[in-house]
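Given only the sequences and the hints, what does the whole structure look like? Please build it.
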Amino acid sequence: MPDLSRRALLAGLALVPVAGCVMSDEPPELQPVDYGTVFDGGRTIPGVLPEELPVSQRRRLVDYDPELEAGRIVIDPDEGALYLTLRGPYALRYSIAVGRDALGYHGETEIFEMEEWPLTQPSVPGMPMAAPAAMPAAPAGTVAADDGAMPAPAGPSYPLGARSLALRSMASATDRGIRIHGTPLSSTGTPSSAGYRMINQEIIDLYSRVTIGTRVSIL
Numbered sequence: 001m002p003d004l005s006r007r008a009l010l011a012g013l014a015l016v017p018v019a020g021c022v023m024s025d026e027p028p029e030l031q032p033v034d035y036g037t038v039f040d041g042g043r044t045i046p047g048v049l050p051e052e053l054p055v056s057q058r059r060r061l062v063d064y065d066p067e068l069e070a071g072r073i074v075i076d077p078d079e080g081a082l083y084l085t086l087r088g089p090y091a092l093r094y095s096i097a098v099g100r101d102a103l104g105y106h107g108e109t110e111i112f113e114m115e116e117w118p119l120t121q122p123s124v125p126g127m128p129m130a131a132p133a134a135m136p137a138a139p140a141g142t143v144a145a146d147d148g149a150m151p152a153p154a155g156p157s158y159p160l161g162a163r164s165l166a167l168r169s170m171a172s173a174t175d176r177g178i179r180i181h182g183t184p185l186s187s188t189g190t191p192s193s194a195g196y197r198m199i200n201q202e203i204i205d206l207y208s209r210v211t212i213g214t215r216v217s218i219l
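Residue numbers (the UniProt record's numbering): 1 to 219.
In case anyone wonders, no lab produced these hints; they're calculated from the structure.
Be careful, since some hints might not be right.
If you anchor each label on the Cβ, the simulated ranges turn out as follows [stated by the list, open to error]:
| # | residue 1 | residue 2 | range |
| --- | --- | --- | --- |
| 1 | 104 | 49 | 13 to 23 Å |
| 2 | 47 | 174 | 29 to 39 Å |
| 3 | 88 | 51 | 28 to 38 Å |
| 4 | 25 | 211 | 17 to 27 Å |
All residues carry an ideal CB built from backbone N, CA and C; glycine is no exception.
Next up, the structure:
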């Protein structure tokens with residue numbers, strides 16, 4: 001399925017050391033990070049208190065591989081980080097939690113579907129998600145549960161949060177149910193099974209910066 005080995009990806013997408021580097025480009029100008037209350041689509045997303053999100057887990061501008069084109073996402077599951085490359089040697093770093101369905105998934109993928117306030121049917125606690133081919137039929141925009149439960153009601157407590165970015169393999173165009181999505185809780189909590197989880201304020205920001213077809217490299 002993946003068209004690049006983990007070793008090749010790590011070698012090709014290594015972070016650029018800060019010491020001794022001469023930056024040829026000025027850092028991009030970014031809006032201040034705000035984790036306050038968000039009013040979105042008729043829904044209210046509670047703000048995140050400073051003590052709920054350590055400084056090390058907040059979105060920030062970092063030095064990154066200058067040879068990567070701007071607009072690529074790089075996910076480092078071991079680091080619990082997602083990078084969105086910007087122009088020059090910079091990237092935005094977001095903190096993520098990695099779900100069980102995404103463990104062991106490496107390679108080149110792309111965003112093929114983007115949803116605001118996606119419906120979802122969470123799997124039964126302790127029971128793995130069924131393979132896509134074995135899942136019962138579900139309405140468009142939902143992920144079927146093993147117990148056939150109805151989709152979760154609309155609101156900030158959505159299991160998939162405020163936004164969802166669906167990924168598929170670039171080598172086989174296969175959708176394995178892996179998503180970059182939001183959460184009503186801190187991203188340091190228990191990961192969902194659906195993929196890579198971010199707090200709602202972060203997934204809304206990332207969603208606004210990408211498009212269908214955005215390349216996503218998973219280390």
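Tested hints:
1. One distance hint, 13 to 23 Å for the beta-carbon pair residue 104 and residue 49, is violated here, with the actual separation near 34 Å.
2. Range check, residue 47 to residue 174: about 38 Å between beta-carbon atoms, so the 29 to 39 Å window is met.
3. About 34 Å separates the C-beta atoms of residue 88 and residue 51, a value consistent with the hinted range of 28 to 38 Å.
4. Separated by about 23 Å at the C-beta atoms, residue 25 and residue 211 satisfy the suggested range of 17 to 27 Å.
Against the hints set out earlier in the document, a violation occurs for number 1 only.
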